[in-house]
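Trainee: What follows is the residue order along each chain.
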Amino acid sequence: MKNIVKALLGSAAIAMMAAPASAATLDDVKAKGHVQCGVNTGLIGFSAPDDQGNWKGLDVDFCRAVAAAIFDDPEAVEFTPLSAKDRFTALQSGEVDVLSRNTTWTISRDTALGLNFAGVTYYDGQGFMINAKKLEGINSALQLSGAAVCVQAGTTTELNLADYFKANNMEYSPVVFEKFEEVNAAYDAGRCDVYTTDQSGLYAVRLNLTNPDDHIVLPEIISKEPLGPAVRHGDDQWFDIVKWVYYALVNAEELGISQANLEEKMNSDNPEVRRLLGTEEGTKLGTDLGLTNDFAVRAIKHVGNYGEIFERNVGADSPLKISRGINALWTKGGLQYGMPIR
Amino acid sequence: MATPQSTVEGAAPRVPLFYDPRVRGIAYQVLVFAGLVALIYWIIGNTTANLQRANIASGFDFLQGRAGFDIGDSLVEYSSDSTYGRALFVGFLNTLRVAIVGIITATIIGFIIGIGRLSKNWLINRICLVYVEVFRNIPPLLVIFFWYFGVLSVLPLPRESIDLPLGSYLNSRGLYFPRFLWGEGAWLVLVGLVLGIVFTFFVRRWAHRRQMATGEQFPVFWTSVALIGGLPLLAFLLTGLPLSFEFPELSTFNLRGGIQVRPEFLALYLALSFYTAAFIAEIVRAGVLGVSHGQSEAAQALGLRSGQSMRLVIIPQALRIIIPPLTSQYLNLTKNSSLAVAIGYPDLVATGGTTLNQTGQAIEVVAIWLVVYLGLSLGTAGLMNWYNARMALVER
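Going down the list, the sequences are from chains E and F.
Using my numbering, the letters of the first sequence map in sequence onto residues 1 to 342.
Using my numbering, the letters of the second sequence map in sequence onto residues 1 to 396.
Don't read these hints as lab results, they were simulated from the structure.
If you're wondering where the values come from, they're calculated on a predicted model, not measured in any experiment.
Check before you lean on any hint, since a few could be wrong.
Said to hold, decoys possible - Stretches of chain F that chain E covers, calculated by requiring three or more beta carbons in the stretch to come under 8 Å of a beta carbon on chain E: (1) 192 to 199; (2) 218 to 232; (3) 251 to 258; (4) 341 to 347.
Stated by the list, open to error - Partner residues aside, some chain E positions facing chain F, computed with beta carbon under 8 Å: (5) P81; (6) K85; (7) A132; (8) A148; (9) F177; (10) D193.
Every residue gets a Cβ at the ideal spot worked out from N, C-alpha and C, and that includes glycine.
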């Protein structure tokens with residue numbers, strides 16, 4: 001029922017929006033004093049509330065970086081937890097300003113759904129997890145024919161799953177839930193043999209299972225899942241802001257600017273550093289974006305560079321311990337590549 | 001209305017148009033209607049403009065697209081290659097299935113509990129009271145969760161399935177039955193069944209007439225059992241037992257073969273039936289109590305036994321009180337079936353939600369939901385109204 005209501009409200013909102021709200025999202029955001037950010041309902045490492053009720057995670061930190069760049073305050077952001085099914089309606093109808101909810105960038109979402117993806121904050125791929133104790137001898141996804149597979153509704157995961165089993169002439173029985181927590185509970189209760197979602201998600205889910213050590217993630221990665229923040233069509237300025245906050249964070253890592261050495265780098269002579277931090281004389285890079293010239297300083301000061309955000313939430317400093325892998329900088333063999341700030 | 005003639009000829013004072021009640025009435029209606037049209041026009045125009053601005057495609061063409069996702073529970077053939085329209089149809093059938101079997105079960109349980117509430121036996125009376133109070137006062141979503149997670153977590157994995165009689169199994173993946181594989185000539189069995197039912201119908205009519213005319217009774221019940229059970233059995237034996245079974249068997253992961261009833265369906269079906277039955281029980285009790293006491297006394301005076309007086313005198317009169325509120329319970333059950341999304345039963349809301357998410361066609365999908373649920377409810381209500389009209393007191 002709640003979901004019908006939500007969907008109804010969403011489509012009613014699309015129908016009722018009197019003034020084109022998206023014309024100047026930045027003005028709206030400044031007027032209300034915070035960024036409204038759509039996040040996952042509870043995916044450890046990406047967006048989940050901790051035991052004090054503070055939102056934590058990579059997707060959350062990205063929203064904080066946007067808020068910091070605008071308001072110089074990482075707390076000037078409010079989070080709307082969204083299920084996979086509700087997320088796009090929430091963004092389209094203007095309920096949220098940014099959707100930072102481990103959302104895969106695809107062509108149809110860019111076009112038919114009317115979204116603009118600002119970048120890829122995490123390169124992921126879909127994997128499978130099984131209970132190795134109950135299913136001994138299974139060590140490849142190709143042995144899964146006949147299995148019951150738990151999956152979340154309305155995700156690319158659901159579609160990749162169908163494609164993979166069809167391509168390999170295997171059968172399966174989908175057990176589909178709308179909410180992430182429901183999928184977890186059902187898998188933990190033994191309703192299905194296999195859990196499938198993005199691999200980073202599998203590691204996060206495993207931490208919360210009754211016996212995490214019984215479960216293994218199978219080696220196959222069956223899809224490309226570039227996850228990133230998205231905004232609505234129709235407001236180029238807001239799109240630019242979200243995009244360049246992301247690139248600023250990546251460039252900061254490339255240039256070795258971190259939360260710790262930010263003060264010192266403010267006096268740097270390196271022209272690249274000066275452009276990024278807005279210390280170059282007569283620079284208009286930040287104001288042309290509609291922000292202040294020190295927008296990158298503000299973001300880095302409060303949440304750190306891309307590498308710091310990664311390590312803190314999903315990397316070595318987190319319970320997930322995911323290695324940088326393809327999410328390393330391009331200079332280190334990864335795919336993270338900050339477009340030039342000049 | 002004040003016509004010019006009447007003012008000229010008659011002495012009646014001229015009423016200004018503004019104060020003429022009929023003119024005013026019409027004017028108000030025109031105003032309201034115009035306002036409504038303007039509102040609808042504004043909503044449609046605004047929606048179209050907003051959709052275009054956000055570059056969201058609209059229209060129902062998306063129903064032809066390839067769905068790409070699988071559905072676990074389907075009454076008709078469906079695969080990820082089917083269209084979105086097909087996916088919605090599968091969801092619709094699933095909604096219909098759980099609503100129909102739920103309504104039947106809820107009615108049966110509700111009648112039993114409702115009559116039980118009136119029993120003079122203290123224990124039966126109290127048990128029924130507890131049932132009603134428990135199920136009536138818990139939100140239906142919790143009842144569904146109870147059946148799903150509560151019962152599911154107790155059931156064993158497929159490898160340790162509970163053996164039930166007749167080659168059936170129960171485990172956390174559901175209830176498995178052997179599948180009937182009918183052989184050659186099996187259609188004769190069906191013919192036997194149909195003939196049995198038709199004959200029973202005529203025997204009943206004949207027996208009723210004879211009783212009205214002569215007062216003699218005829219054992220209709222046993223004759224019906226013999227006809228409906230016997231004719232198909234005879235056909236079955238004559239055609240040489242054309243039936244074999246496909247038993248569910250354990251494979252690597254799950255049981256294969258046979259018929260599987262998934263736990264999502266079971267949980268939703270049981271929860272909705274038990275929940276709605278509590279309300280139906282109270283309606284039945286109210287209906288029976290609503291029949292005046294003189295009726296049962298009169299029935300006793302005529303020498304009817306208590307079962308007969310219930311069946312022939314009380315219930316037919318009680319039904320007139322029961323049917324209208326019963327209709328609204330049926331509608332409630334149908335609408336509550338959309339709670340299925342909570343436990344992953346692929347009903348219309350679930351498959352529609354996935355379609356909405358994959359295609360982004362929020363307005364179209366929501367419109368389909370509204371139309372389908374409205375249609376289902378109006379259909380049920382229409383059927384019940386027809387039944388109600390048949391049961392209504394015929395005034396002579």
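Trainee: Do three or more residues from the segment 218 to 232 of chain F put their C-beta atoms closer than 8 Å to C-beta atoms of chain E?
Mentor: With 0 residues in contact (Cβ-Cβ under 8 Å with chain E), the coverage given for the segment 218 to 232 of chain F is violated.
Trainee: Hold the hint about E/A148 up to the distance rule: shortest CB distance to chain F must be less than 8 Å.
Mentor: holds (6 Å)
Trainee: With chain F as the partner, please determine if E/F177 meets the hint condition of a C-beta pair closer than 8 Å.
Mentor: Holds, about 4 Å.
Trainee: Take the shortest C-beta to C-beta distance between E/P81 and chain F; is it under 8 Å?
Mentor: violated (16 Å)
Trainee: With a cut-off of 8 Å on the beta carbons, see whether E/K85 makes it to chain F.
Mentor: holds (5 Å)
Trainee: Per the CB criterion, is E/D193 less than 8 Å away from chain F?
Mentor: Hint on E/D193: holds, closest Cβ of chain F at ~5 Å, below 8 Å.
Trainee: Would the stated hint for E/A132 survive a check requiring a Cβ distance to chain F of less than 8 Å?
Mentor: violated (14 Å)
Trainee: If you count the residues of the segment 192 to 199 of chain F with a beta-carbon closer than 8 Å to a beta-carbon of chain E, do you get 3 or more?
Mentor: n = 0 at 8 Å, threshold three: violated.
Trainee: How does the segment 341 to 347 of chain F fare against chain E when you require at least three residues with a CB closer than 8 Å, holds or violated?
Mentor: n = 5 at 8 Å, threshold three: holds.
Trainee: Confirm or reject the coverage of the segment 251 to 258 of chain F by chain E under the rule of 3 or more residues with a beta carbon closer than 8 Å to the chain's beta carbons.
Mentor: holds (count 5)
Comparing the model with each numbered hint stated earlier shows that hints 1, 2, 5 and 7 do not hold.
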